[in-house]
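Trainee: The primary structure of each chain is shown beneath.
4 protein chains.
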Amino acid sequence: DAPFALIAGPCMMESRDHALEMAAAVKEIADSLGIGLVFKTSFDKANRTSLSAKRGLGLSAAMPVFAEIRERFGLPVLTDVHDATQCMTIAEVVDVLQIPAFLCRQTDLLVAAAATGRVVNVKKGQFLAPWDMRNIVDKLVASGNPNVMLTERGASFGYNTLVSDMRSLPIMARTGAPVIFDATHSVQQPGGQGTSTGGEREFVSVLARAAIAVGVAGVFMETHDDPDNAPCDGPNMIPLKDLKALLMDLQAIDRVVKRLPTSN
Amino acid sequence: DAPFALIAGPCMMESRDHALEMAAAVKEIADSLGIGLVFKTSFDKANRTSLSAKRGLGLSAAMPVFAEIRERFGLPVLTDVHDATQCMTIAEVVDVLQIPAFLCRQTDLLVAAAATGRVVNVKKGQFLAPWDMRNIVDKLVASGNPNVMLTERGASFGYNTLVSDMRSLPIMARTGAPVIFDATHSVQQPGGQGTSTGGEREFVSVLARAAIAVGVAGVFMETHDDPDNAPCDGPNMIPLKDLKALLMDLQAIDRVVKRLPTSN
Amino acid sequence: DAPFALIAGPCMMESRDHALEMAAAVKEIADSLGIGLVFKTSFDKANRTSLSAKRGLGLSAAMPVFAEIRERFGLPVLTDVHDATQCMTIAEVVDVLQIPAFLCRQTDLLVAAAATGRVVNVKKGQFLAPWDMRNIVDKLVASGNPNVMLTERGASFGYNTLVSDMRSLPIMARTGAPVIFDATHSVQQPGGQGTSTGGEREFVSVLARAAIAVGVAGVFMETHDDPDNAPCDGPNMIPLKDLKALLMDLQAIDRVVKRLPTSN
Amino acid sequence: DAPFALIAGPCMMESRDHALEMAAAVKEIADSLGIGLVFKTSFDKANRTSLSAKRGLGLSAAMPVFAEIRERFGLPVLTDVHDATQCMTIAEVVDVLQIPAFLCRQTDLLVAAAATGRVVNVKKGQFLAPWDMRNIVDKLVASGNPNVMLTERGASFGYNTLVSDMRSLPIMARTGAPVIFDATHSVQQPGGQGTSTGGEREFVSVLARAAIAVGVAGVFMETHDDPDNAPCDGPNMIPLKDLKALLMDLQAIDRVVKRLPTSN
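Chains as they are written, first to last, in this note's numbering: chain V, 1 to 264; chain L, 1001 to 1264; chain H, 2001 to 2264; chain F, 3001 to 3264.
Bound conformation, chain V alone (with noise of 0.2 Å):
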């Protein structure tokens, strides 16, 4: 029962000068609160709801961009994987290979994220039972890569919205793979906003102490210095100015949550 780690940053690696600044600032943040810390950003935003939307910097301008992050704050990354094909190339600069929610169940992109030995972040589909993510284990444990961790963000609740079952981490758990909350997707409502996704960023601290208090090995959550300007997810990214607040609430439940006799 260690104490929640942190999967961080901003939901598109908009340039190298930004992903460094918003590296070093969630770093700042983490250390300061001795929270272990995963940097995230996606080189590519490959479902937007919109073509004229913007998907980032893409795969070979980032590879850089992820390694210099390593090296210069000793951070581990994680991005997202969209194609089989990318993964052997990513798994070169991040740690943790992420499956989108959409994608949870292709098999090929399973694999091949099992294939590179790094660990492997599947995110809950919008439109799976948590017991349903053994299968999604299983494939990745029988193509010989165990190190997996399990996201919830959220399940369709009829049209552009989606519902945080907090029954789902335990079940999860269940598979003895890390579980993470994102907090930040969770709050989205997908198509809310026309071309759009929307999104109530007022519920990220709700869903995230919540989130905590079931028990879990780490909250996701997009952050950003300017979350109304972002290129994407802006209205459920948390403003960077309120990320060491949020975290030290969470801190402090998670301090308890872990200690309590049940927990063990």
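Since the hints were derived computationally from the structure, they do not count as laboratory data. Don't take each hint at face value.
[To be verified] With beta-carbon atoms standing in for the labels, derived distance ranges:
#1 D3226/F - D95/V: 29 to 39 Å
#2 L2033/H - P3239/F: 34 to 44 Å
#3 D3226/F - R1174/L: 56 to 66 Å
#4 P146/V - N1229/L: 36 to 46 Å
#5 E2202/H - A142/V: 43 to 53 Å
Everything numeric in this text was worked out from a predicted model, so none of it was measured. The C-beta atom is built at its ideal place from N, Cα and C for all residues, glycine as well.
Here the structure of chain V is known, so what remains is to put chains L, H and F in place on it, guided by the hints.
Mentor: Frame of chain V; chains L, H and F shown alone:
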């Protein structure tokens, strides 16, 4: 930001003796932890799945038992009402009238409950959005009774399943009413056992912890000395012998949460 | 496999004159198409969103109007009951007692309705699986009344939205009870207008056609000569002027469906 | 308002011989009824629940079989693509490229499919509202390909269950794209059998009739000569021997519906 209160007791008033024993036992636990207690039990289960299922002592027989519990233990008592005609009568011997979830939009029942001047606790219908509870608060307040509590007990999620949306707690709190989380009915599986309602007791503590971490005025939990043989709600009631440990967990989390700077 | 029957009329009995006008108008349409008609209107709207919303004529004032409609037009009449004490009284002047969806599990109401010997039409709760309606049929039959009809009116689907699961119709038909599809309440958006319930009238014909093609004993539709100014259910009632064309469509489909070899 | 077209065939291309036999058999049925047919089969099942489940012949082996089916039977052929790199290749031998529901928001796949100039049939994600399919149509049209079809195949409804919202059909039709109803995947129970996906074949005709009555350009149905022993989708495919009777039912309803005055 007072510590959470507890609303607890057996699903059904089975007999005078059983009710008194349970009240004594739950009071002893609550007192030992310094938790404010409202004793809950139902004189009639008015919406059982099956006609042959037991319904409880009935209004007349239950009245003196409620009175005895109040007097002997000094406990405030809560029970649910199903019909406008019951309200004024039962209000003589109980402190809180509870409106069942299925009945939360029945105007006559709300008005009659309000007219008693007692506190009215309304369970949110499984079919209602949390923001729509404002209309119900308005009905009660317009009837002259501002002493309203609102209780989350799960929302319909496909068939035979409920999901607890933790966002519901702060959304309902915007009405100004104290918000309660019903941790045992939220794990019901309505109709899940063919001719009776199922439940998943193992998730009571999961959801209760989550709600406490979000921040609630109280927790509602049905408990029984022998739930597996209880006449109703057996699959989701907390065994009496497990109640104290669970409350201690919740209390530990609540203490931290109510002291968080962001909670103020 | 008889042709579908029609249960139709205005949401609320607004006045004697309006009820008689509507009954005459709907009867003329049904007669012209050879469709069996049950006239529906409510003497009391017992679960309005707001306390200030109109509720209808009330039981006493409505009784002679129901009697007059039956006598003058030779029409069977249906109305909904909200309380066990109303059943025996209202049964004097109506042919079908309807149990509202929110109340479909209230045992006393079901038993009282059954005791009248009248046909009982139960609307399936928005929170109930279709297979769980068997328990409700059992309650009525065990109370000595096998004259039961079951009505689909949508299932909760996220917040403020209903979805009509067409599988529900054959599943409920397994009980042996005639199955009705309520095409106007199924397009409600509960609470969708803040202090009143919204609706999408444009989808009434979509869902009614679908249900007829699946095969139902009847269709339930609220209709009004001026729905935009009706005191309730305006957003989903069918304008009276559009009723005949819609029924002709449904009749054309019904004739084909009831003759299909697989329907027998 | 042309008569509905049929997209049908076995879930998986199991072998050249089986594919040819099935194409011949389905064509004979469609021809006998005068129904336009697109033959569907998958060269690869890319998102099986389990790693050990069969996946089909694969792209290279399937190419000559698709070509042979087109040439020998004069049938247009549809298959699904899972990766942008497959699109241009497979487009040589098929007429319609289908985007699987889980992948319906993957921009690169949509753009690559559009670039082939072939018709692109997009299945609506189980996690998407019907009005959000407009963004997907826009992505394809903006990529230079206006030949788009949209297919409803069920929406997430709690865990392990789909519901078919018939309103989705006219809502998607507002995009101008022909709308198809997938009657066999809509009865899937995702993950419902632990390590494979379940289904309720008995409801295929229920949902297909409903969709035809609402009005669709086409119906999609997987069929097999021995579904109980098929390598995938057995629980929901229509037995080949039942296909003709089902189509005759649908045809009878479709003829009436397409002649309704309100359909024009």
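Trainee: Give a verdict on every hint.
Mentor: Against the structure, the hints:
1. D3226/F - D95/V: 29 to 39 Å: violated, 48 Å
2. L2033/H - P3239/F: 34 to 44 Å: Distance hint for L2033/H, P3239/F holds at roughly 38 Å.
3. D3226/F - R1174/L: 56 to 66 Å: holds, 58 Å
4. P146/V - N1229/L: 36 to 46 Å: holds, 43 Å
5. E2202/H - A142/V: 43 to 53 Å: holds, 50 Å
Taken one by one, the earlier hints fail for this structure only at number 1.
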